[in-house]
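Protein chains: 2
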Amino acid sequence: MPSRRDAPAPRETLAPDGRARAVIEGISPAVDGGRFAVKRIAGDRVEVEADCFADGHDMLACVLRHRAEGDADWREAPMAPLGNDRWRADFTVNAPGRYRFSVIAWVDSFLSWRHDFARRVDADDLRIAARGGADLIEAAAQRAGGDDRRLLLRWAERLRTQDDVPALRVLALDEASAAIAMRHPDRTHATTCPVEFPVVVDRERARFSTWYELFPRSCAPVSGAHGTFRDCIERLPYIAGMGFDVLYLPPIHPIGRARRKGRNNALEATASDVGSPWAIGAAEGGHKELLPALGTIDDFRALVAASRAQGLEPALDIAFQCAPDHPYVAAHPSWFRKRADGSVQYAENPPKKYQDIYPFNFESDDWQALWSELESVFTFWIGEGVRVFRVDNPHTKPFAFWEWTIARIKRDHPDVLFLAEAFTRPKVMHRLAKLGFSQSYTYFTWRNTKRELTEYFTELTRGPGRDYFRPNCWPNTPDILPEYLQTGGRAAFAARVVLAATLAANYGVYGPAYELMENEPREPGSEEYLHSEKYELRHRDLARADSLAALIGRVNAARRDNPALQRNDGLHFVSIDNDELIAYTKVDPDTANAVLVVVNLDPHHVQSGWINLDLADLGIDADRTFQVHDLLTGARYLWTGPRNFVMLDPMRIPAHVFRLRHRVRTEHDFDYFL
Amino acid sequence: MPSRRDAPAPRETLAPDGRARAVIEGISPAVDGGRFAVKRIAGDRVEVEADCFADGHDMLACVLRHRAEGDADWREAPMAPLGNDRWRADFTVNAPGRYRFSVIAWVDSFLSWRHDFARRVDADDLRIAARGGADLIEAAAQRAGGDDRRLLLRWAERLRTQDDVPALRVLALDEASAAIAMRHPDRTHATTCPVEFPVVVDRERARFSTWYELFPRSCAPVSGAHGTFRDCIERLPYIAGMGFDVLYLPPIHPIGRARRKGRNNALEATASDVGSPWAIGAAEGGHKELLPALGTIDDFRALVAASRAQGLEPALDIAFQCAPDHPYVAAHPSWFRKRADGSVQYAENPPKKYQDIYPFNFESDDWQALWSELESVFTFWIGEGVRVFRVDNPHTKPFAFWEWTIARIKRDHPDVLFLAEAFTRPKVMHRLAKLGFSQSYTYFTWRNTKRELTEYFTELTRGPGRDYFRPNCWPNTPDILPEYLQTGGRAAFAARVVLAATLAANYGVYGPAYELMENEPREPGSEEYLHSEKYELRHRDLARADSLAALIGRVNAARRDNPALQRNDGLHFVSIDNDELIAYTKVDPDTANAVLVVVNLDPHHVQSGWINLDLADLGIDADRTFQVHDLLTGARYLWTGPRNFVMLDPMRIPAHVFRLRHRVRTEHDFDYFL
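These protein sequences, in sequence, are chains A and B.
Position 495, counted from 1, in the first sequence is what numbering that gives the first Met the number 0 calls 494; the numbers after and before it change by one each time, with no gaps.
Position 438, counted from 1, in the second sequence is what numbering that gives the first Met the number 0 calls 437; the numbers after and before it change by one each time, with no gaps.
Just chain A, with the same shape it has in the complex (with noise of 0.2 Å):
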C-alpha cells in the first residue's frame, strides 16, 4: 500500500471565499457584458433576469440591486425563480440620470431546512431536524433586531421543546415565521456579481419626439430677405400646428467668408451668396457665437421662450469644424493638422476636397485643451436653455471624446438629449448609441421595399440594438433627397412621411421642403438638392393648395393621440398578400391601445390585398366585430375575423393609420368601441 501524501498546496492561491457557492451568469438587460449602458425612460421598470444556481440541491435566495448614481446606499428587490435556473426582478426608474444594479445570490440555509424539513417523515428525523432548524433561527435572530428578534428566538425554543410529530410540523413550517427568518438571511458567503450594469434613463422626449428641421435664415417673409430669428418666431404657429415637438436648426454661427461655396456648392461664391451654416466661424466668432444677421442672442432668447411655449423644443446643430477664418484656426494652430507645405489641411476625401472646411485634429498633443474646449460649446448653449443637440457627423472624432464628453455633461444635465448624425457603417453606428448618444439616424432614408423595411425594423425593435438604439427615422434631410421621393410625386411623400411617422417613435423632416413636396436633384442621379437651402435662402408659398401640412398634421395628431406610436417595441408585421403594400401594428401593453397601418408602396397604382391578422395578439375575440378607425380620413370599418381586404389608391392617400376599437360589452349590456 502506498502511505498517504500529505496536501501539499500552498494556501494563498485559494479562491477568495471558497465558501460562496452560489454563481451568477448571464445578466440581462446588458450591453457588451455591462460595458455600455442599457437605455430607459423615467417611468419604466427595468425588468431584470439572471441565471443563478449553487452546486448541490440547496435552495438559494436572489436579490436584485440597484441605485442611483450618487446614492449612498443599494436598494434590493428580492428575484424570483422563472425555471431552468433563471431569476427575474425588476426595480422603476423614476427620474433622468445614471443607474446601476447587479445580482447578489447565495445558498440559503434556512430555506434549505425548510425545503427539507416538509418532506422529511420519521419522526426521530422529523425531532433531530427540528432542532436544527431552531439553531439557524437562533442565528437569525441573532441579526435580526426588535420584534423580529424576540418571534425568532420563541419560535426557536418552541421548535426544541415540542415533542408532538403532528404539531412539530405544523409549527416548523409557520409561513409567518419564516417570513421573519427571511428578513433576516445569512449571506456570509454570498456572491456577488462583480460588474455593476449601468442604465441611463432618459426623459421621454428621448423615446417619443417629432422633429422638423427648419432654416431660420429662410423665415424672411419677403423674397431675398435674409431670415431671423424673430421671423422665425413668426413661423411657430404653422409647425406646432402640425405636431412636431422639436425645432431644430442647422448651425447658427458666424459663417465663414474665406473660400466660401456659392450656390449649388459652387467652388466660388459671389459677394451675396450667404455660404453653408456648416462652414462656422469668422471674425466675429465661431461655436459660441450667432450670426449677426439672424440677430442677437436676445432675439435667440425668445425665439427659444417663444418654441417652448408652442410645445416646441428647441435643438441646436453642433458641428465640430472650422472655417479657415473661425477664430480657433489662428488661436489654436496646434487643433489642426499641417500638410507638408505649412498649410492647414481642409478636409478631403481624395481626390475630393472640402478647402472651406478645416476637421479638427484629434491627435494633437494638446488634445486635452481641445476636448474641454469643445465640451464647453454644449454647455455654453445649455446655459442658453437649449436641451437638445443634433450632432453633424460625430463618426467622424473619436469615440472617446463623445463617451467623456457626453457622460460629464449628463451627469449634470440628465434631460439633454444627443441626436447622432452619422449616415455611416452599422458598427460606427451602434458604438455611437452605445457610448451615449440617445438618438441615433438611420438607413430608413434608402429602405423603401417592404422585405427592406421589414427585415430593417425587424432588427432595429428586436436585435441587440434595442437596448441602446433608439432610431430617428428621416424622409429627407437637407443632404438627401431619395430618389423615390424624386420620382414618386405627392403619394411618395405622403407614403413616406406615414412610414416614418408610424414604424419609429422618433422622426422628423426637414421643411418646408418636405410638407410641399420638393424634389428636384441637382442633377440626374445625384440625391443634393438643385437650389439647395444648404447654399441659398429659399422663400415659399407655405399656403400651396398642395401642401402636405394637413395630412402631416393628422399624423402627428395621430402620434400624439395613440400611446402604441410613442415606442419602438410593439411593433409587429401583419401577413398581406401584395408586395407592393405594407402592413403593421403597433400595441402599447399598458393601454391597450392598438393601431393598424397599411402603407401602398407603389406611389404609381392603385393597390389592394388580403391582410391577415394576428387577432390573438391583439386581443381581439375571433368572432367578434371590431371597428378599425382610419385615422387620416376619418372613416369607420367594421371587420370581423382575421381576415380583410383592403385597397389604397396613391392618388388620394396612400396609407391606413387604423385604430383598433374593441367592442366592449358593459355591465349594462351595452355594447361601445373602446
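One or more hints might be untrue.
Since the list gives no way to pick out one identical chain from another, each pair is judged satisfied if it fits inside one copy or across any two copies.
[Said to hold, decoys possible] The list that follows gives simulated cross-link-like pairs (lysine to aspartate or glutamate, DMTMM-like), each with its CA atoms no further than 25 Å apart:
#1 Lys-337 <-> Asp-72
#2 Lys-337 <-> Glu-482
#3 Lys-449 <-> Glu-526
#4 Lys-337 <-> Glu-137
#5 Lys-287 <-> Asp-272
#6 Lys-426 <-> Asp-31
#7 Lys-351 <-> Asp-340
#8 Lys-351 <-> Glu-526
Note that these hints are calculated values from the structure, not bench results.
All values derive from a computational prediction rather than experimental measurement.
Keeping the supplied structure of chain A fixed, place chain B upon it in accordance with the hints.
Frame of chain A, contents of chain B only:
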C-alpha cells in the same frame, strides 16, 4: 453677443489616452466574454475574429497577439479585413496547455497616406502629399534598424526630390517599399483589448475517445470469486479487440463496512456482500488506497502498464464522498456536517436517506485544508500513471473548487483529462464544462426519437457550448438502464451504440452488460439494473453467440478509420421521409473523409425511406456515380444523385454506417473510388 467661456474641464477625468482612436469589440471565440477558456486540441488552428474600427476614414491595422501561458513574449499575426469592420487571423496551438490571445488595433497613418495618395490627381497636391509621406517614412525609419532604416531613409529622400509626377506616383506607391514601412508601424496610440482570452488545449484523446467501463471485481475467471487487477489484465485483449481506447474503472478503494448496502441496494448487507465501490473508505484506508481484494499497488501498476501496452488508457473514478468508516471521518471531523444529535450528517434527499455515504461539508471552516487534500487525491493517482479521471457527481461539490483544482492540476499536467459525470440541469452542466472539465456526460442516454436526437445534437454541435462542452455519450451506465434498452431487444442495443459512436466523437459503454444486452430492471418502471453490479459480483459468458462484441468492434473500427467520426463539428442531419429513420453525415474538412449514417429507431419493424443528400456539401458531383460502402456489413452500393432508397431490418442490423467514396478520375483516365 455672449463672451466666449473658457474650457472648465478638470484634466484628470479625461481618458488615459484620448488619441487611441481604434475600438475593438466582439472578439471570438470567447466564453462569457473571456471569463472562461475556449477548448481546442493540440495542432488546431485557433481562428480569431474581432470588430475593429475607428472614427473617420483613416486606414486601420490590427494584429492578433497570442502566447502560451508562461511564455515571456507575445507573438503577433496580422489580421485581415473580412468586410463590415470584421477582422480575422489565426494561430496554431501545438501542445497541450493554456494559451491566451488578444487583439491590438490602431489608426495607421502610413496606410492612410498611401490609400489617399493613390486617389490624388492634381500635381501640386501629389507633391505636397509626397513630402508628408516622406515625414511618415522617416519616422518609420527611426523605429527600424539596419537595412530597413537605410532603405526607408533613401525612399523618403527620393519622395522629397522627385519632381516628375508620373514617376513620383510610381515611387510613392511602390509595393516593396510599403512592405518595409509596414514592418515598423507607429503604434503610439494603439488600442489593446484589455481582456486576454484564454484557450485550454488538450491532447487528441479529449476530442476522440472510446470508453469501456468495467468492474475489475467481476473479472474473475470462475463464478463467485472476487476478481483482481490481474484478472482484469487477462480481460484486456477482449476489450482492446472491440476497439476501445479508455478503460474506465469504478472506484478501486477500500469499501466501507459500516451501513454497507446489500445486493439490489438492500439496506442490510450480509457477511458475503461486497458493497458498493462508491462507499469509499474503511479501516484499510481511503481515496489513496486500494481495496486489498483487488490486489496490491504493484498489481495496479501492472494493470496500468498492460492497458497502455494494448492502447487502452486507464481512467479512474474520483468520487469525493466517504463511507462512515473512512479514515477522514475520525481524522477531520470538521470536514463533515453534524446533525443536531451530534451524529455525522449522511447524504439525503428527504425522504430518501443514504446512510452509507457521508458527503463533505464544503462550507467547513477548514475548507482550505479539505480542498488541498482532495486535490492531492488526483495528484496521488497521477503519480501512479493515471491521466484520465471520471469525476462522480461533480455538481454536488462547489464550482469554485473544481475551477481551482482542475487549473492547478492541468498547469502541472496539461495531459490530464477530466470527465464530468453530472446528469443534472443544463446550466449546471455547462458551468462545469466552462470551468475546466474536458468532457461531459450528456442527456443522450434519454434522447431516443429522431426529433429529440436532431435537436439535441444540433444544440451540442452548433450552440455556444461547442467551444467548451465536449459531449461524451453513454447508452448505458451502471446506474442507468434506459427504458428503450429494456424493451427493444438486440436491435435497440445495436442502434444505440451506433448512434452514440457516430453522433459523438467521445462515447462509452458500461460492459459487459452492454454487449451482452442485459436489460432487466430491478422492478418495472425502474432504470436500475436487476442484480446491479454496484452491489454484487457478476460472472458472465463473454463468448455468447449473440454478443454484440463483433458489431461494436466494427463500429469502433469505423471510428478509428474515419476522421469524420473523430470530431463533432462536421455533423449535418439529412432529410429522410420516415420519422423512424434518422440520417446524418459527418465530414472531416482536412481529409475530405465523409460518412453517412442511417439508423432505424424502431427496434421492432423494418423501416424504409428515401434519403435526400446535400451532395454539394459533401463535395460530390450531382451527375456522377459515387459509392457508399457499409462499414458494418462490407456491402457496397453505387448511388447517383441526392435521392436514394434505404431499408433497415432491425432483426438484422438496424443501421448503415456508409463511407462515401467519390469516383476520382486519375491522370491516366482511370476511375477509382477515394
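Here is what the structure says about each hint:
Taking identical chains as interchangeable, the C-alpha atoms of Lys-337 and Asp-72 are never at most 25 Å apart, the minima being 52 Å within one chain and 38 Å between chains. Taking the shortest Cα distances, Lys-337 and Glu-482 never come within 25 Å of each other, neither inside one copy (39 Å) nor across copies (80 Å). Taking CA atoms no more than 25 Å apart as the test, Lys-449 paired with Glu-526 passes inside one copy only; the shortest distance there is 22 Å, against 55 Å between copies. Within a single copy, Lys-337 and Glu-137 get their C-alpha atoms only as close as 76 Å, which misses the 25 Å cut-off; across copies the closest is 17 Å, which meets it.
Taking the shortest Cα distances, Lys-287 and Asp-272 sit within 25 Å of each other inside one copy (23 Å), while across copies they are farther apart (94 Å). Within a single copy, Lys-426 and Asp-31 get their C-alpha atoms as close as 13 Å, and across copies as close as 21 Å, so both meet the 25 Å cut-off. For the homomeric pair Lys-351 and Asp-340, the shortest alpha-carbon distance inside one copy (19 Å) is at most 25 Å, but the shortest distance between copies (89 Å) is not. Taking identical chains as interchangeable, the C-alpha atoms of Lys-351 and Glu-526 lie at most 25 Å apart only when both belong to the same chain, with a minimum of 17 Å there against 77 Å between chains.
Violated hints, listed in ascending order, are 1 and 2; each of the other numbered hints is respected by the structure.
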